[in-house]
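**Q** For this one, chain A is given, so just place chains B, C, D, E and F on it according to the hints.
Number of protein chains: 6
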Amino acid sequence: MPYIKIELTREGVTREQKKALIKGVTDVIVDVLNKDPHLTHVVIQEVALDDWGYAGEQVSELRERGITADKK
Amino acid sequence: MPYIKIELTREGVTREQKKALIKGVTDVIVDVLNKDPHLTHVVIQEVALDDWGYAGEQVSELRERGITADKK
Amino acid sequence: MPYIKIELTREGVTREQKKALIKGVTDVIVDVLNKDPHLTHVVIQEVALDDWGYAGEQVSELRERGITADKK
Amino acid sequence: MPYIKIELTREGVTREQKKALIKGVTDVIVDVLNKDPHLTHVVIQEVALDDWGYAGEQVSELRERGITADKK
Amino acid sequence: MPYIKIELTREGVTREQKKALIKGVTDVIVDVLNKDPHLTHVVIQEVALDDWGYAGEQVSELRERGITADKK
Amino acid sequence: MPYIKIELTREGVTREQKKALIKGVTDVIVDVLNKDPHLTHVVIQEVALDDWGYAGEQVSELRERGITADKK
Chain A
1 MPYIKIELTR
11 EGVTREQKKA
21 LIKGVTDVIV
31 DVLNKDPHLT
41 HVVIQEVALD
51 DWGYAGEQVS
61 ELRERGITAD
71 KK
Chain B
1 MPYIKIELTR
11 EGVTREQKKA
21 LIKGVTDVIV
31 DVLNKDPHLT
41 HVVIQEVALD
51 DWGYAGEQVS
61 ELRERGITAD
71 KK
Chain C
1 MPYIKIELTR
11 EGVTREQKKA
21 LIKGVTDVIV
31 DVLNKDPHLT
41 HVVIQEVALD
51 DWGYAGEQVS
61 ELRERGITAD
71 KK
Chain D
1 MPYIKIELTR
11 EGVTREQKKA
21 LIKGVTDVIV
31 DVLNKDPHLT
41 HVVIQEVALD
51 DWGYAGEQVS
61 ELRERGITAD
71 KK
Chain E
1 MPYIKIELTR
11 EGVTREQKKA
21 LIKGVTDVIV
31 DVLNKDPHLT
41 HVVIQEVALD
51 DWGYAGEQVS
61 ELRERGITAD
71 KK
Chain F
1 MPYIKIELTR
11 EGVTREQKKA
21 LIKGVTDVIV
31 DVLNKDPHLT
41 HVVIQEVALD
51 DWGYAGEQVS
61 ELRERGITAD
71 KK
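Protein chains in written order, with the numbering used here: chain A, 1 to 72; chain B, 1 to 72; chain C, 1 to 72; chain D, 1 to 72; chain E, 1 to 72; chain F, 1 to 72.
Bound-form chain A, shown alone (with noise of 0.2 angstroms):
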């Protein structure tokens, strides 16, 4: 009986993007512990860039000042 949460901030994340992301990591469980995938549920839930925070900052003002999260 899995469920995962994902949190992530909300940057543009499109629908084909959570499709892959809820069809990515279903396949990890199923693969890696053999479960049942209708026992697999997984939420994707954003937050707001002022309402995450990273070392005592909001991610609002690190984006302002042009720091990103992206792959380098």
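These aren't lab readings, by the way, just hints derived from the structure by calculation.
Wrong hints could be hidden among the right ones.
What the hints assert, rightly or not - With a straight-line Cα cutoff of 30 angstroms, these simulated BS3-like cross-link-like pairs (lysine-lysine) come out:
hint : chain 1 : residue 1 : chain 2 : residue 2
1    : B       : Lys5      : A       : Lys19
2    : F       : Lys71     : E       : Lys23
3    : E       : Lys5      : F       : Lys5
4    : E       : Lys5      : A       : Lys72
5    : B       : Lys72     : E       : Lys71
6    : F       : Lys23     : B       : Lys5
7    : E       : Lys5      : F       : Lys23
8    : F       : Lys23     : C       : Lys5
9    : E       : Lys23     : E       : Lys71
10   : E       : Lys5      : F       : Lys72
11   : C       : Lys5      : E       : Lys19
12   : C       : Lys71     : F       : Lys19
13   : B       : Lys23     : C       : Lys5
14   : F       : Lys19     : D       : Lys19
15   : E       : Lys19     : E       : Lys71
16   : E       : Lys19     : F       : Lys5
17   : F       : Lys19     : D       : Lys72
18   : B       : Lys19     : F       : Lys5
19   : D       : Lys5      : B       : Lys5
20   : D       : Lys5      : C       : Lys5
21   : F       : Lys5      : B       : Lys23
22   : C       : Lys5      : C       : Lys71
23   : D       : Lys71     : F       : Lys5
24   : F       : Lys23     : D       : Lys71
25   : C       : Lys5      : C       : Lys19
26   : F       : Lys71     : D       : Lys5
27   : A       : Lys71     : A       : Lys19
28   : B       : Lys23     : D       : Lys5
29   : F       : Lys19     : F       : Lys71
30   : E       : Lys23     : A       : Lys5
31   : C       : Lys71     : D       : Lys71
32   : B       : Lys5      : C       : Lys19
33   : A       : Lys71     : A       : Lys23
34   : E       : Lys72     : C       : Lys19
35   : E       : Lys5      : A       : Lys19
36   : B       : Lys5      : C       : Lys72
37   : B       : Lys71     : C       : Lys19
38   : B       : Lys19     : C       : Lys5
39   : E       : Lys23     : D       : Lys5
**A** Okay, now just chains B, C, D, E and F, sitting in the frame of chain A:
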């Protein structure tokens, strides 16, 4: 000190239904555990259909194919 | 697709009480929202008294002073 | 590796207050645990008054009756 | 800034499986969202069978009746 | 009505440190939001090092390689 989080898909849940959920769940907690209701908090979180995955698919896709979560 | 998390202090909750919580909360969800119980998951998480804070104090301290969460 | 989630009722919390919450909570974590702030994430989740239950009632109902959560 | 919580029943998940879950889920996040893995945290929470309810019953009861969550 | 969850790796956090976390975080909430502390709950959840993933690796692996989360 109980805290209860209810996550459900956003599909037209009314204010009255939320009221009934909060009342009903609190009553269960108080009855089973004999807890003071003033120490019992219930939080409801509605989740958009694109953001809930079941068996690897977005619930929005399931609904488009006519698959519901209704009791049979 | 409901998922419910119940967090409560670890104070001798029995297996029978957990069974009653799961049954009771699921019944409320099914009754109020007309949801298929096979899509309803309930997770109970017991929290040690040192790990729950109320009004700025550990519950273990409150209990040592004779303050309980019991219904009056 | 700390992660902190702050859930509170949506009642006019300003961007400045969120900034102060993130800064203040991160400082507590860093001071008490000596953790690197770059490994400390804080997420704020505001909850609508209809969606928060206290003592079996929606907070929206309590507010309509003039009951607040303000410090006395 | 993604944070992922994986909740699953405590049924002999090995350290290697946890390692594979963390690696697999992080890869999905990084691939789909192009996020820096150093900003991606994954937390696994195992839940005792008495503490997970499905369709109103404890999973421990379901397992005693021979009902598993294994992929068919 | 604030509820705060603090998740951190289980690495020898003492009862006194937990007490300081609960006191410190509650004070921040009360000061910034002017909330009644009797409506403020804080829950600490310690997570085993095998169960926390950072940048795709178990923290237990990082610690074995001498990588800590301590403030520099």
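**Q** So, for every hint listed, does it hold in this structure?
**A** Verification of the hints:
Our distance criterion of 30 angstroms between C-alpha atoms is met by B:Lys5 and A:Lys19, whose separation comes to about 25 angstroms. Our distance criterion of 30 angstroms between C-alpha atoms is met by F:Lys71 and E:Lys23, whose separation comes to about 26 angstroms. This hinted pair checks out: E:Lys5 and F:Lys5 have alpha carbons roughly 13 angstroms apart, not beyond 30 angstroms. Straight-line distance between C-alpha atoms of E:Lys5 and A:Lys72 comes to about 25 angstroms, which keeps the hinted pair within the 30 angstroms bound.
Restraint check for B:Lys72 and E:Lys71: satisfied, since their Cα atoms lie roughly 24 angstroms apart, inside the 30 angstroms limit. Using a Cα cut-off of 30 angstroms, the hinted pair F:Lys23 and B:Lys5 holds, with the two alpha carbons roughly 24 angstroms apart. Taking the CA atoms of E:Lys5 and F:Lys23, the gap is about 26 angstroms. The hint holds against a cut of 30 angstroms. A threshold of 30 angstroms between alpha carbons decides the hint, and for F:Lys23 with C:Lys5 the separation of about 25 angstroms falls inside it, so the pair holds.
For the hint pairing E:Lys23 with E:Lys71, the CA-to-CA distance comes to about 21 angstroms; that is within 30 angstroms, so the pair holds. A hinted pair counts as satisfied when its Cα atoms are at most 30 angstroms apart, and E:Lys5 with F:Lys72 qualifies at roughly 27 angstroms. A distance of roughly 25 angstroms separates the Cα atoms of C:Lys5 and E:Lys19; the hinted pair therefore holds under the 30 angstroms criterion. At most 30 angstroms may separate the alpha-carbon atoms for a hinted pair to count; C:Lys71 and F:Lys19 meet this at roughly 26 angstroms.
Annotation: proposed proximity of B:Lys23 to C:Lys5 holds, straight-line Cα distance about 16 angstroms (limit 30 angstroms). Of the supplied pair hints, the one linking F:Lys19 and D:Lys19 holds, its CA atoms being roughly 24 angstroms apart against a limit of 30 angstroms. Proximity of E:Lys19 to E:Lys71 is assessed by CA-CA distance (about 21 angstroms); at most 30 angstroms being required, the pair is judged to hold. Of the supplied pair hints, the one linking E:Lys19 and F:Lys5 holds, its CA atoms being roughly 25 angstroms apart against a limit of 30 angstroms.
Between F:Lys19 and D:Lys72 the alpha-carbon distance is near 24 angstroms, which keeps this suggested pair within the 30 angstroms criterion. Simply put, B:Lys19 and F:Lys5 have alpha-carbon atoms about 25 angstroms apart, close enough for the 30 angstroms limit, and the pair holds. The straight-line distance between the Cα atoms of D:Lys5 and B:Lys5 is roughly 13 angstroms, inside the 30 angstroms bound, and the hint therefore holds. Proximity of D:Lys5 to C:Lys5 is assessed by CA-CA distance (about 15 angstroms); at most 30 angstroms being required, the pair is judged to hold.
For the suggested pair F:Lys5 and B:Lys23, the alpha carbons sit about 24 angstroms apart, so the restraint of at most 30 angstroms is met. This hinted pair checks out: C:Lys5 and C:Lys71 have alpha carbons roughly 22 angstroms apart, not beyond 30 angstroms. At roughly 21 angstroms between alpha-carbon atoms, D:Lys71 and F:Lys5 fall within 30 angstroms of each other, so this suggested pair holds. For the hint linking F:Lys23 to D:Lys71, the alpha-carbon distance of about 16 angstroms falls within 30 angstroms, and the restraint holds.
Annotation: proposed proximity of C:Lys5 to C:Lys19 holds, straight-line Cα distance about 14 angstroms (limit 30 angstroms). The hinted pair formed by F:Lys71 and D:Lys5 meets the criterion: a straight-line CA distance of about 21 angstroms does not exceed 30 angstroms. For a cut-off of 30 angstroms, the pair hint linking A:Lys71 to A:Lys19 stands: about 21 angstroms separates their Cα positions. Distance check on the hinted pair: B:Lys23 and D:Lys5 sit about 25 angstroms apart at the alpha-carbon level, within 30 angstroms; holds.
The straight-line distance between the Cα atoms of F:Lys19 and F:Lys71 is roughly 21 angstroms, inside the 30 angstroms bound, and the hint therefore holds. Restraint check: the Cα-Cα separation between E:Lys23 and A:Lys5 comes to about 16 angstroms, which is no more than 30 angstroms; the hinted pair holds. Among the hinted pairs, C:Lys71 with D:Lys71 is consistent with the structure: their alpha-carbon atoms are about 24 angstroms apart, no more than 30 angstroms. Between B:Lys5 and C:Lys19 the CA atoms are separated by roughly 18 angstroms; this keeps the pair inside 30 angstroms, and the hint holds.
Using a Cα cut-off of 30 angstroms, the hinted pair A:Lys71 and A:Lys23 holds, with the two alpha carbons roughly 21 angstroms apart. For the given pair, E:Lys72 sits about 27 angstroms from C:Lys19 by alpha-carbon distance, which is consistent with the 30 angstroms threshold. Our distance criterion of 30 angstroms between C-alpha atoms is met by E:Lys5 and A:Lys19, whose separation comes to about 18 angstroms. Of the supplied pair hints, the one linking B:Lys5 and C:Lys72 holds, its CA atoms being roughly 25 angstroms apart against a limit of 30 angstroms.
Under the criterion of a C-alpha separation no larger than 30 angstroms, the hint pairing B:Lys71 with C:Lys19 is consistent with the structure, at around 21 angstroms. Distance hint between B:Lys19 and C:Lys5 is fulfilled; the C-alpha atoms sit about 18 angstroms from each other, no more than 30 angstroms. In summary, the hint linking E:Lys23 to D:Lys5 is supported, as the alpha carbons are separated by about 24 angstroms, within the 30 angstroms threshold.
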